[in-house]
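Colleague: Sequence:
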Amino acid sequence: EKCEADSKENESYFLNKFEKEEQNAKNISQEKLKMENLLNSRYKMLEKEKEDKVVILENNRNQLLDNLDKEKNTKNALADEKVHLHRKLEDSKLEISQLEDKMKLVQVDVGNCIVEKREDKGKLDNLENVLVNLKKEKNHMESQYLEIFKELEILKTKDTKASNDEDSNVAGKNSSQVESGENNDE
Numbered sequence: 009e010k011c012e013a014d015s016k017e018n019e020s021y022f023l024n025k026f027e028k029e030e031q032n033a034k035n036i037s038q039e040k041l042k043m044e045n046l047l048n049s050r051y052k053m054l055e056k057e058k059e060d061k062v063v064i065l066e067n068n069r070n071q072l073l074d075n076l077d078k079e080k081n082t083k084n085a086l087a088d089e090k091v092h093l094h095r096k097l098e099d100s101k102l103e104i105s106q107l108e109d110k111m112k113l114v115q116v117d118v119g120n121c122i123v124e125k126r127e128d129k130g131k132l133d134n135l136e137n138v139l140v141n142l143k144k145e146k147n148h149m150e151s152q153y154l155e156i157f158k159e160l161e162i163l164k165t166k167d168t169k170a171s172n173d174e175d176s177n178v179a180g181k182n183s184s185q186v187e188s189g190e191n192n193d194e
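Using the numbering used here, read the sequence shown as starting at 9 and increasing by one per residue.
Hints are supplied without guarantee of correctness; some may be wrong.
Derived lysine to aspartate or glutamate pairs resembling DMTMM-like cross-links, with alpha carbons at most 20 Å apart [as the list claims (entries may be wrong)]:
| id | residue 1 | residue 2 |
| --- | --- | --- |
| 1 | 101 | 66 |
| 2 | 158 | 12 |
| 3 | 164 | 174 |
| 4 | 112 | 66 |
Note that these hints are calculated values from the structure, not bench results. A quick note: this is a predicted structure, and the numbers were derived from the prediction, not measured.
Assemble the whole structure, with the sequences as input and the hints as a guide.
Modeller: Structure follows, in C-alpha cells:
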C-alpha cells in the first residue's frame, strides 16, 4: 500500500512537473515569436527612417551643390560681389560638412542597429537553446515516467502473485489441519 501510494505520489509529482515544463516551453515559444515580431517591426521602422533621412540629405546636398554652382557663375559674372559670394561659398561648404557629419551619424545609427540586431539574434539563439534544453528535459522526464510506470506494473504483478501464493498456502494448511483432526478422532 505504501509503495502504491508512493508510486501514485511520484506519478502525480512528475505529471505536474511535466505539465509545468510543457507550459513553460509554450510560454518561451510565444515570447520568442513576440520578440521576433518586435525586432522585425523595429528593424523595418529604423530602415524606413534611415531611407527617409538619406533622401532628405541627398536632396539637401543636391540643392546645396546647385546653389554652389549658381554662386560660382555669379562670382565670375559679377566681380564686385566677389567677397559676398566667397562668404556664401564658405557657408555652403560648412553646410555640406554638417550634412556629411549628419550622414556619418546616420551611418553610425545604422551600425548601431546592426549591432542591436546581432545582440537580439544572440538572445533569440539563447532562447532557442533554452527551448531545446527544455525539450530534452521533457523527454528525459517522460522516459523516467515510463520507467516508474513499468516498475509499478512489475510491483503490482509481484504483489498479485504473492497474494495468490499466500492464499494457496493458507488453503493447504487448512486442509492438512482438517485431515489431522479426523485422524485424532479415530
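Colleague: Evaluate each hint against the coordinates.
Modeller: We went through each hint and held it up to the structure:
1. Between residue 101 and residue 66 the CA atoms are separated by roughly 15 Å; this keeps the pair inside 20 Å, and the hint holds.
2. With a CA separation close to 13 Å, the supplied pair residue 158 and residue 12 stays within the 20 Å bound.
3. The straight-line distance between the Cα atoms of residue 164 and residue 174 is roughly 15 Å, inside the 20 Å bound, and the hint therefore holds.
4. Proposed proximity of residue 112 and residue 66 is supported: the alpha carbons are some 13 Å apart, at most 20 Å.
Consistency with the previously given hints is maintained throughout, with no hint failing.
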